[in-house]
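Spelled out, the chains give:
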Amino acid sequence: MPAPIFLLTDFGTKDPFVGIMKAVISDINPNIQLIDLTHEVPPGDIRSGAITLWQSLPYLPDGSVILTVIDPGVGTRRRSILLQSQGFTFIGPDNGTFSYILREGYQAWELGNPDLALPQTGTTFHGRDIFAPAAAHAASGVPASNFGPLLKELIRIPQPALSWSGTGRLEGEVIHIDRFGNALTSLGQFFPQDQDTYAFHPWIGECLQAEINLHKSQVHLPGKVKLSWVANFTEIPDGRCGFIVGSSGLIEIAANRQSAVNLLNLAINNKIILVV
Amino acid sequence: MPAPIFLLTDFGTKDPFVGIMKAVISDINPNIQLIDLTHEVPPGDIRSGAITLWQSLPYLPDGSVILTVIDPGVGTRRRSILLQSQGFTFIGPDNGTFSYILREGYQAWELGNPDLALPQTGTTFHGRDIFAPAAAHAASGVPASNFGPLLKELIRIPQPALSWSGTGRLEGEVIHIDRFGNALTSLGQFFPQDQDTYAFHPWIGECLQAEINLHKSQVHLPGKVKLSWVANFTEIPDGRCGFIVGSSGLIEIAANRQSAVNLLNLAINNKIILVV
Amino acid sequence: MPAPIFLLTDFGTKDPFVGIMKAVISDINPNIQLIDLTHEVPPGDIRSGAITLWQSLPYLPDGSVILTVIDPGVGTRRRSILLQSQGFTFIGPDNGTFSYILREGYQAWELGNPDLALPQTGTTFHGRDIFAPAAAHAASGVPASNFGPLLKELIRIPQPALSWSGTGRLEGEVIHIDRFGNALTSLGQFFPQDQDTYAFHPWIGECLQAEINLHKSQVHLPGKVKLSWVANFTEIPDGRCGFIVGSSGLIEIAANRQSAVNLLNLAINNKIILVV
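Chains as they are written, first to last, in our numbering: chain A, 1 to 276; chain B, 1 to 276; chain C, 1 to 276.
Because the hints were derived from the structure by calculation, they are not lab data.
No farther apart than 35 Å at their CA atoms in a straight line, the calculated lysine-lysine pairs in the DSBU-like style are these:
| # | chain 1 | residue 1 | chain 2 | residue 2 |
| --- | --- | --- | --- | --- |
| 1 | C | K216 | C | K271 |
| 2 | B | K216 | B | K271 |
| 3 | B | K14 | A | K224 |
| 4 | A | K226 | A | K271 |
| 5 | C | K14 | B | K271 |
| 6 | B | K224 | C | K14 |
| 7 | B | K216 | C | K14 |
| 8 | A | K271 | B | K14 |
| 9 | C | K226 | C | K216 |
| 10 | A | K14 | C | K271 |
| 11 | C | K14 | B | K152 |
| 12 | C | K271 | C | K226 |
| 13 | C | K271 | C | K14 |
| 14 | A | K216 | B | K14 |
| 15 | A | K14 | C | K216 |
| 16 | B | K271 | B | K224 |
| 17 | B | K226 | B | K216 |
| 18 | A | K14 | C | K152 |
| 19 | A | K216 | A | K271 |
| 20 | C | K14 | B | K14 |
| 21 | B | K14 | B | K271 |
| 22 | C | K224 | C | K271 |
| 23 | A | K152 | B | K14 |
| 24 | A | K14 | C | K224 |
| 25 | A | K271 | A | K224 |
| 26 | A | K14 | A | K271 |
| 27 | A | K216 | A | K226 |
| 28 | C | K14 | A | K14 |
| 29 | B | K14 | A | K226 |
| 30 | B | K226 | C | K14 |
| 31 | B | K271 | B | K226 |
| 32 | C | K226 | A | K14 |
| 33 | B | K14 | A | K14 |
Distance ranges between label pairs, derived from CB positions:
| # | chain 1 | residue 1 | chain 2 | residue 2 | range |
| --- | --- | --- | --- | --- | --- |
| 34 | B | L150 | C | Q84 | 50 to 58 Å |
| 35 | C | N29 | A | G141 | 22 to 30 Å |
| 36 | C | Q107 | B | P114 | 56 to 64 Å |
On a predicted model such as this, the values are computed, not experimentally measured, just so you know. Even for Gly, the Cβ is constructed at its ideal location relative to N, Cα and C.
Only chain A is shown next, with the shape it has when bound in the complex (with noise of 0.2 Å):
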């Protein structure tokens, strides 16, 4: 049985650019299960889609394979890369989307081989001519080293923020903005301790971990609003903001069926502080 494809796209769903790519891979290998992890990523936008990528990982089955196609740079230089980390294989644009979930002991292809991907190769879409084809190798049972060379180093695109700022101040930033208007931030990872704290991970970076009450914490947003923890949604009075440790473990500014966005006029990049 082939290993299933994850697909994480900024191609959208009005165009059949997602349906073809699935149609180049169902004509390599019928038996392939797709699946969708979202096409409407931002165009272009590579930190988004680094971030969807990063929440998702730990919920895919071993072996996956992930195709991941936010390729502003489609036709230039930049390298096709298949990339094997923590089990997983990924293929897209070499461009920085990976580099939220590269660890130690990666290995990465640069993606070379005629014979892996379709006959005629134009400018303008890799994600149906070079990357489904190669994920449909991939996913059939093609070794890696079938594909291309090995590389040394891949593009690292820059990290959310998270620091300290004194002992008592964790900053960062908002990074992505859900379908019900929540604000996911970097502050994170936290996970439940015993009753009152939490364990701080940092998701990323070289933040010094710790341990917090996040009961008696506070978030700061710009123009001095200050949030307090909640539980869940529906503990936020109507018309208000708290925050809450989401599914991902990070910060998340919420409203309880409201949109937290709406209320704070908040925006990706927006500074956000929590005092501890």
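Dock chains B and C against chain A, hints included.
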């Protein structure tokens, strides 16, 4: 062969929420067919989800599992359930989403077996932590009684308006607006009988049955608008509206290649009267 | 193993229409792979559906079934058909959606066998009642002649503009706007030949073939805007536009990480001239 799983949520498609749920299912059993009903139920709109579920059910294969997560109360003490009714298995929060498909003889169990959930369950994403694993195990043949204790009563939400006022006036309301701008009403179901009449069998509630000649009936809307019956969309003159028996047997306010909702400024809960 | 079914509709994703069609297919044969091309064809826009179908077809596995439902005339006397062309089987209403993929030697049958449809067929959702069952049966190997009588002529819609005006001016129009704000034009197809020239093979209609040096050509838009050829998106200066040979061999008006359509205020049907 496992049962297929149909997914119905308010998670939208811009975040990886649905993809992550499918990953969890695929990890438990990669042979399950996964089919989306829709993920664009308005956030937290339980009634809308309940209507969509009612509308879809007659076309699902016998034995299907339906994973339904519209869950504004996630993380509170609201119950998580497995429901069996009409040969189907439903998984989701007990918040009323199943109100319109409950039939006599249904049985429900509270999801409480930690072996049939993810090892960690947070307070914000039970679709991933509890409901997706439960659906995967149910589709794979795990007996309902393994999930937890039997339940007596389920939460029910109010039914849409549907009643006779006098003998000749059937009163209802707009319950859904579709992609094309048609307004689905609670007036129905109507089944074609002979050349002139339809059999009216109330789809919900205690309203009296009748035989009705829709060709001679009128739909009255707020603002004294009166509409006539049409056999299909193309019979409606440009810029005008009519009413039609839609694909679920409910009366719809429709236009021809235009949005009836825009033309008439209709909204959910608008009062609609069929004068027979 | 049954053939895969590719789905192309204007049903959107907010209603359960597509999920219900897939349920009907899964009920007939649960082993069919179901792949979405797109469901966001603008409501009732047959030409847009026809273009998307043409664009997708070269990448579909031989023998695929394509279920195409853009059906503003549902419930009227327009015919429902099964079409065989180029080794594919197409199912949908006979309203012109297949105009751009019809090739010599095609054969079509009218869907008329009630044993290959749902027991009840209404007047508003033939995607569910007629086309989805037909696609499932066709993908499962039911011979075309079982569905109904052979047809002579199919409905065709007008072709997009594509013609020479004098020797050096190739006239066309904007035919689609994609997710990224690129404007696809009817000018094409262009296939790279040698360093300087492209072979122009008209994708439709009777326009004369030619060899064209696109590097020395210009695209003229309404309002005296003139654009130059680029090899890839990143060559276009910020805030400016260029033209590129897109993934289907058609000329596209494009920008670099911006919407060309917004920058130039382009719309479907805008006249475009390639001056060679």
